[in-house]
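Enquirer: Spelled out from the first residue to the last, the chains are:
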Amino acid sequence: MENNKGSAGGFARHRREDLIGKTYTYICVLLLIIVITAIVYFVASKGLATFITDGVSPVEFLFGTHWNPVGDNASFGALPFIAGSFIVSLLAALIAGPLSICAALFMTEIVPGKGKRILQPVIELLSGIPSVVYGFIGLTVLVPFISALTGGDSIGYGVAAGALVLSVMILPTITSIAADALASLPRGLREASYALGATRWQTIYRVILPTLAPSLWTGIILGIARAFGEALAVQMVIGNAPFIPKSLLTSASTLTSVITLNMTNTSTGSVQNNVLWSMALMLLFMTFVFIIVVRLLQRRNKL
Amino acid sequence: MKSKKTLFGALTLSAMLALTACGNSGSTAAPADNGTTGSGGTGTTTEQPAAETVSGTILAVGSTALQPLVDQVGQEFMTNNGDVTVQVQGGGSGTGLTQVSEGAANIGNSDVFAEEKLDADKAKELVDHQVAVVAMATVVNKDAGVTDLSKEQLLDVFSGKVTNWKDVGGADQKITIVNRPSSSGTRATFEKYALGQSVENVEGAIEQDSSGTVKQIVADTKGAVGYLAFSYLDDTVTALSYGGVEPTEENVQSGKYPIWAYEHMYTKGEPEGAVKAFLDYMMTEEVQNADVTELGYIPVSSMEVKRDAEGKVIQ
Chain B
1 MENNKGSAGG FARHRREDLI GKTYTYICVL LLIIVITAIV YFVASKGLAT
51 FITDGVSPVE FLFGTHWNPV GDNASFGALP FIAGSFIVSL LAALIAGPLS
101 ICAALFMTEI VPGKGKRILQ PVIELLSGIP SVVYGFIGLT VLVPFISALT
151 GGDSIGYGVA AGALVLSVMI LPTITSIAAD ALASLPRGLR EASYALGATR
201 WQTIYRVILP TLAPSLWTGI ILGIARAFGE ALAVQMVIGN APFIPKSLLT
251 SASTLTSVIT LNMTNTSTGS VQNNVLWSMA LMLLFMTFVF IIVVRLLQRR
301 NKL
Chain E
1 MKSKKTLFGA LTLSAMLALT ACGNSGSTAA PADNGTTGSG GTGTTTEQPA
51 AETVSGTILA VGSTALQPLV DQVGQEFMTN NGDVTVQVQG GGSGTGLTQV
101 SEGAANIGNS DVFAEEKLDA DKAKELVDHQ VAVVAMATVV NKDAGVTDLS
151 KEQLLDVFSG KVTNWKDVGG ADQKITIVNR PSSSGTRATF EKYALGQSVE
201 NVEGAIEQDS SGTVKQIVAD TKGAVGYLAF SYLDDTVTAL SYGGVEPTEE
251 NVQSGKYPIW AYEHMYTKGE PEGAVKAFLD YMMTEEVQNA DVTELGYIPV
301 SSMEVKRDAE GKVIQ
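Protein chains in written order, with the numbering used here: chain B, 1 to 303; chain E, 1 to 315.
Bound conformation, chain E alone (with noise of 0.2 angstroms):
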């Protein structure tokens, strides 16, 4: 009888603990992100003339695509820096902007261009640092029997018009079109730089958000074709040429292909403190020359062309 009720208090007790504890993360974690805002700024009003010792915390949210950059840089970033902890997580480039607009995070990971997602007014608020450039290919199934596709023949591919790969000089097969979602940023990069205009959903096609899967899944699927940054190609699957172009670095550096986009982390305002350093270390050669290429992405510094976000080349 009474070790029972020695039992149920505890595990009474427990719960309530439970409870508390996961109130309290709950309702301190928006006001806490704020709170290392500030004090990453003030970090450097005080300690601008010794530069280097900053400190603070720093939350950078958004595109999975950019993910893995931002963390690899972020662990050697606190490793030079001690007082500095760079938290990193993925939930997409819309809720990285949602999120760095909101205050809620210090810095907003994105495939796209802020204009391009938020309200023209909240956007605008925004500053953009352009850390690298991704750039995709179309890929196939290996038996599918094609190399090259013109921005024509893809436009008829994705859009439904041609069902038969047989119909654009590949083997006498069914196409089946791996895409992504209507709202994704890779989606959208594909669709205004490799088909020039937005199409519809097709009947009987797959989507899937995540890169891997839909590697695994033109890998597998007869006819299959989808579209992956260059990070993702090995030989599992083939890329195609656009319009005679290969998918290489150098043809996207010299703007002869044409299907890429920057990598853009948002803050909101320009960065201070902990948020500039870390920002300015990004954008530092041993980081874009390293890191940045290692990981599959391209330099923005070695890009010969520029574009703004229409999309027209500037430069």
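The shape of chain B in the complex, shown without the other chains (with noise of 0.2 angstroms):
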């Protein structure tokens, strides 16, 4: 703290930590957009060759419902996967969505001391278990679950299953999101509304609901995302036969569960394994679409 004084001598150690501070966080950022850069030109290539090289038509590739990849007749319709995706995603959402922004509210709102202490530790270690063991105990107690509610006439493995592991996997992202959003609410926003004389679920519903709907999409946009990428848990518990669920019981599958049960059994270059690349640049670009939503919803952040 002395040398701080203007002396000479301190301004070019100043100087001098500067220009190593900026150096390094330089180098980070180029590592960071060279790895970044690399993965997706690398994705891309390979997911480009399918159509390029292997002539496979890009409406094939997403309209065709039809998954048959080896043989003389083979034919990728990666439809069945894509909507695969898309509907356990949606459901875990559907499903985990309102519980998290509740549980959330209750942390935050209702008993804010004993919420932060002991609600939130209990959410964040949700978020730290390996998805192989929400996938095992998926297969092992929610799979006969089903089974069993549906009288036996199901066997458990399916969207139902898939969506409900999801569910509990994005639990704690949509509600650590919210919890973080609604603790940075003005004070005064929520005092304002009781001094007009609204009650607490007024509040809730009329003010602090409305005002942070930005965030809390956010908080729910990244939990899709979240399980959209995931594959060793759904993997395990949704059947992955190739076609378009009819309902919530049958097998179905999804982009990730497709690459991570045939990438190993086919070898790279052929037409099999380009076609799982394919699928694999459809899940980074729907990333994007993701962080692009997340961050036009940030830009409408009322606060």
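Some hints could be false.
Claimed, not checked - Straight-line Cα separation of at most 30 angstroms, DSS-like style, residue types lysine-lysine; simulated pairs: (1) E/Lys174 to B/Lys246; (2) E/Lys222 to E/Lys268; (3) E/Lys256 to E/Lys151; (4) E/Lys306 to E/Lys151; (5) E/Lys222 to E/Lys122; (6) E/Lys151 to B/Lys46; (7) E/Lys151 to E/Lys312; (8) E/Lys192 to E/Lys312; (9) E/Lys192 to E/Lys151; (10) E/Lys222 to B/Lys246; (11) E/Lys192 to E/Lys161; (12) E/Lys268 to E/Lys124; (13) E/Lys166 to E/Lys142; (14) E/Lys312 to E/Lys124; (15) E/Lys142 to B/Lys246; (16) E/Lys312 to E/Lys268; (17) E/Lys124 to B/Lys46; (18) E/Lys222 to E/Lys142; (19) B/Lys246 to E/Lys161; (20) E/Lys215 to B/Lys246; (21) E/Lys151 to E/Lys268; (22) B/Lys246 to E/Lys166; (23) E/Lys306 to E/Lys122; (24) B/Lys46 to E/Lys268; (25) E/Lys192 to E/Lys306; (26) E/Lys222 to E/Lys174; (27) E/Lys151 to E/Lys174.
Hints listed in this document are in silico derivations from the structure and should not be mistaken for laboratory results.
If you follow the hints, you should be able to join the two separate chains into one complex; please do so.
Expert: Structure (structure tokens):
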């Protein structure tokens, strides 16, 4: 601290430190940019090879419902997987969204002290559990339970099991984002509402939720993004039949599950392998879409 | 203030170290493997007269079905030959064949003939070493009430033509197919030798790649049917006879039971040095009659029939 008092040596030292810090951060950013560009380039070049080198029609890939990658009459319709990914992710968000937002409200508005001390760590614990554990629990507990609920008519594997497992997995993501948003709300807003004679429910419903809507949607979108990209847990319980599901209890596939199931069995450079890269490209593209949506939402943030 | 700065510095340093370490291992991995092939080769040229003494690193990658055997034999080989390191990795038949063809691995483990996965010209460069035979059985849930299915009945079941076990002489239960992904070598073998043709995916079927998971699902799910290697069979599932022939080792060896395939260890070109010594060791009586049978495979030498890549019986 003594050196800060304007001596020439101190000044030079600060310049040096500044330079080191700047160089260091530049290197870090550069490294990140290189890694990201390399990944995007790699996935894109592999994924587009399906259409350019192997001559699979993009229309067939995006809208074809028939998946039979081996044999002479191979067809590469990936719509069942694209549909499967969207269906389970949206269902998971539908289940987890309201639950998470209520949990966040409970933690911050209703019992702020205990909520922060006890509930938040518990929810953070949920996000630390590896996905294979969720999958394993789903396989051994949830699947037989669903089967028993339907009286043994269904086998339990399917969209419902996948969506339920995913909803538990994305619960902490949405809850922590919502809780952070709620905590950042200026006290004045709440107090003004109470001062006008509004009840707690009226304050939550008319003031807090509308003000925080963009942040809450951000949480939900990030939850959907996580569900969309989750592979292992879903793969274990969804059944993996390559068909667009007709009901919640039929076996279906997602983009991620078909990639993990097939990637090790196909040889690099074959059309069967390239088409998996095309699905990876599709996943990457969807991630970009989710990020853009989150950015747009943040711009609308009213705080 | 000071201590914070040091902490930041230390963190920076460790992060940089970690990054460079990653970079190094990533960029040198592939050449290292090639290098060891070379060193294995030179090992023999200089020391061939002295026999026994080989050195180098052997990297075997591929089929998870073959992995336990290669792993176990590799351990023994390393104990007998101190200078050799045998590394065994899974990754699937496709990965194994690709890596050996590209020179990234010394040995590519595969459940299927290279011709079935790689381009013809790439497959031609590889030398096949058939080290064991793996046989498969159709398995059903214990309550399904069937013990024997003919080829036609199996085809009806797996193509979705028959959807209830009572239509093939079993209990009144819905059939649930537990299949493998369409790219799986196990599925290819099963369809080729049990069904006689490849079948399309059936709606409502379950697909899983791991034998352990398939077994668990068949054991737990009413009316489920799947297929497993002999080494996975136990009394939690019912193994079916195939057209009246029981799934036993003797029936496979005599050629009566047709649902089996070779386990291959491919090398690029004729093997040399440590790789050759390892593959030779794999084929010795002491390995074939001990490790191979112990892990549930069938020794190639005990087979009374042989097959070519098209699946035709040639002897």
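Enquirer: Between E/Lys151 and E/Lys312, does the CA-CA distance stay at or below 30 angstroms?
Expert: holds (17 angstroms)
Enquirer: Given the hint that B/Lys246 pairs with E/Lys161, does the C-alpha gap stay at or below 30 angstroms?
Expert: holds (19 angstroms)
Enquirer: Going straight from one Cα to the other, do E/Lys192 and E/Lys306 come out at no more than 30 angstroms?
Expert: holds (16 angstroms)
Enquirer: Checking one constraint from the list: CA of E/Lys174 to CA of B/Lys246, max 30 angstroms. Satisfied?
Expert: This hinted pair holds, its Cα atoms lying about 18 angstroms apart.
Enquirer: Holds or violated: E/Lys222 and E/Lys122, Cα atoms, limit 30 angstroms.
Expert: violated (44 angstroms)
Enquirer: Are the Cα atoms of E/Lys222 and E/Lys268 separated by 30 angstroms or less?
Expert: violated (46 angstroms)
Enquirer: E/Lys151 and B/Lys46 were given as a pair; does the straight-line alpha-carbon distance stay at or below 30 angstroms?
Expert: violated (40 angstroms)
Enquirer: Could you grab the alpha-carbon distance between E/Lys306 and E/Lys122 and see if it respects the 30 angstroms cut-off?
Expert: Holds, because 24 angstroms separates the two Cα atoms, which is no more than 30 angstroms.
Enquirer: Does the alpha-carbon distance linking E/Lys222 and E/Lys142 stay inside the 30 angstroms limit?
Expert: holds (8 angstroms)
Enquirer: Does E/Lys256 pair with E/Lys151 here, judged by a C-alpha cut-off of 30 angstroms?
Expert: Distance ~13 angstroms between E/Lys256 and E/Lys151 Cα, so the pair holds.
Enquirer: Would you mind confirming whether the straight-line C-alpha gap from E/Lys192 to E/Lys151 stays at or under 30 angstroms?
Expert: holds (11 angstroms)
Enquirer: Sort out whether E/Lys312 lies within 30 angstroms of E/Lys192, counting only the CA atoms.
Expert: holds (11 angstroms)
In the structure shown, a violation is registered for the earlier hints numbered 2, 5, 6 and 21, in ascending order.
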